[in-house]
Amino acid sequence: MSHPPQENPQENHTVASPALHRHALPHGFWLNEYQIESVLGNPGGFGITYLATDTHLQQRVAIKEYLPSEFAVREGISTVQMRSDSDAPSFRWGLERFVAEARALARFHHPNVVRVLRYFEANGTAYMVMEYQNGENLSHYIKRKGTLTEEEFLAILLPLLDGLEKVHEAGLLHRDIKPNNIYIRSDNSPVLLDFGSARYSMNQERSIVTSIVTPGYAPLEQYDNEREAQGPWTDIYALGAVSYFMVNGEPPMPATRRVIKDPLIPAKEIGEGRYSTQILAAIDWALQPTEEKRPQSIAEWRAALLADRPSYRLSSLAHAASPAKNGNRNKAFGKSEHPLVQRWLTSSLVLFILALMMSGITLFLYLDEKWKTEHQLRLSYENELATLRTQFAQLDAEKKRVDEMLNLLMRFSDQALALDKEKFKKEQGEAHFIKYYKVDNVAPGDVLNIRHYPGDLGSFAGKIPRDADCIRYLDRSHFVFNARGPQLWVMINYEGTVGWVHSRFLMQNFDCQSPSNEAQIQP
1 MSHPPQENPQ
11 ENHTVASPAL
21 HRHALPHGFW
31 LNEYQIESVL
41 GNPGGFGITY
51 LATDTHLQQR
61 VAIKEYLPSE
71 FAVREGISTV
81 QMRSDSDAPS
91 FRWGLERFVA
101 EARALARFHH
111 PNVVRVLRYF
121 EANGTAYMVM
131 EYQNGENLSH
141 YIKRKGTLTE
151 EEFLAILLPL
161 LDGLEKVHEA
171 GLLHRDIKPN
181 NIYIRSDNSP
191 VLLDFGSARY
201 SMNQERSIVT
211 SIVTPGYAPL
221 EQYDNEREAQ
231 GPWTDIYALG
241 AVSYFMVNGE
251 PPMPATRRVI
261 KDPLIPAKEI
271 GEGRYSTQIL
281 AAIDWALQPT
291 EEKRPQSIAE
301 WRAALLADRP
311 SYRLSSLAHA
321 ASPAKNGNRN
331 KAFGKSEHPL
341 VQRWLTSSLV
351 LFILALMMSG
361 ITLFLYLDEK
371 WKTEHQLRLS
381 YENELATLRT
391 QFAQLDAEKK
401 RVDEMLNLLM
411 RFSDQALALD
421 KEKFKKEQGE
431 AHFIKYYKVD
441 NVAPGDVLNI
451 RHYPGDLGSF
461 AGKIPRDADC
471 IRYLDRSHFV
481 FNARGPQLWV
491 MINYEGTVGW
501 VHSRFLMQNF
511 DCQSPSNEAQ
521 IQP
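Following full-length UniProt numbering, the numbering of the sequence shown begins with 1 at its first residue and continues without gaps.
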């Protein structure tokens, strides 16, 4: 996803009008209990991501629709159709992978991987419903914050490594890791987004879907779409490129420019003095153009980032304890020149050195493992606490929204009850009451717009003058939810124009007389 210059760094998703993509579902469209609000970011080649409202839980969600533009188009308002019969195998194969990946990701409950809430099939395609994440992408975060300290760098990278390791253990690859797909929440914890772009499983026998390539972050093996050459090392290259971006402020050059003569300036030169040599060397290791020369697993790369190089310690210890360079060895242990005594002394010294080395190894590994365990526990507790804070904030916001909706419902219900009981006159020969409104709360010189659909984004159907006083209510209403809270829209008939208007600009009018035949008009 790409984003405009931010106004609120805590809620920085790009919201694009569905009109920007001719295949997008329209505003207000219903997918089961979800109502589409807008398109998130720029629609990609494999699908479209929407911002939607879960009307059951009254919370925002992100919904990714499988719509590979290479194989399919939108037919009418909602149905997805294949471009031709020859595209059917490719479309169905990608659809199966999309659904399989949604099932796999739905099992994850990792604080640093976006949570998949559910998936379903409709309109000839499939949809993946994910948590909507408030925050800003890593690109904007780095531009706003500037150079990161080593602690801030690791606080972002290590949780992402943990989450990505779980994804790899499930046999999946992300294959599009980049700063725009990493979000930093308000508590500064990272989350990896944008799964479900028809990426194939590591264990599949074949791949038909075109590869995803983001220059600077995609390794060479993604350009030729060779499945056998791709694995965890593919995502490690991308995350190494993200690490390079955090150190340098700019991504590395595209992998295709590094084939013959690599002009990339190593991270160990760019970040020298600001980050440890070990971290910078690990970044350069992850960015090796050839996949065989990169770390082959997240665990291997994490060890390179965090380990204290025990081989260096042990070599120094052995060098200090070794008697090979001591010319007075015999004097230190007495003056015996007997071969058996010398052999015994030598054997004892070797055993002593080995015991000392093993003790050092054991102590180092124990302390190193203890530090890692405590560090991971601390990160886990901090992430859980951040998740709870986010959930409490969401609950508080939803409570306010529900209170507003209930107040609006009570107001409208009281008005309707008063109309039914006291003011409406029963038309002769009719089995129901006909209700009328007049325009209210409209500024002088302004008019009340009629929309084809409920909501301010509904297309224009007509207008009502400010002094109009006999507007027929057609017994249909609909709630619209947006950033300003719930709105009640009602269907009316004004001089033959039927459409929807906002109820706050209407007031009941009890003095209108219905034409003799108006009761027969159906909405």
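Take the hints with a grain of salt, since some may be wrong.
As the list claims (entries may be wrong) - Taking lysine-lysine pairs in the PhoX-like style, the calculated list, with each CA pair at most 25 Å apart, reads:
| hint | residue 1 | residue 2 |
| --- | --- | --- |
| 1 | LYS399 | LYS438 |
| 2 | LYS463 | LYS438 |
| 3 | LYS261 | LYS166 |
Claimed, not checked - Ranges of calculated distance between the beta carbons of each label pair, as one might list FRET restraints:
| hint | residue 1 | residue 2 | range |
| --- | --- | --- | --- |
| 4 | ASN188 | GLY496 | 32 to 42 Å |
| 5 | ALA461 | GLY76 | 19 to 29 Å |
| 6 | LEU385 | TYR223 | 19 to 29 Å |
| 7 | ASN493 | ALA104 | 21 to 31 Å |
| 8 | HIS452 | SER297 | 33 to 43 Å |
None of these hints come from the bench; they were simulated from the model.
Ideal placement from N, C-alpha and C gives every residue a C-beta, glycine not left out.
Hint by hint, here is what the structure shows:
1. LYS399 / LYS438: 33 Å, violated
2. LYS463 / LYS438: Within the cut-off at roughly 13 Å; holds.
3. LYS261 / LYS166: The given pair, whose Cα atoms are some 35 Å apart, is violated under the 25 Å limit.
4. ASN188 / GLY496: 32 to 42 Å: 58 Å, violated
5. ALA461 / GLY76: 19 to 29 Å: 21 Å, holds
6. LEU385 / TYR223: 19 to 29 Å: Roughly 42 Å apart at Cβ, these two residues miss the hinted range, so it is violated.
7. ASN493 / ALA104: 21 to 31 Å: 52 Å, violated
8. HIS452 / SER297: 33 to 43 Å: Check failed, 56 Å falls outside 33 to 43 Å.
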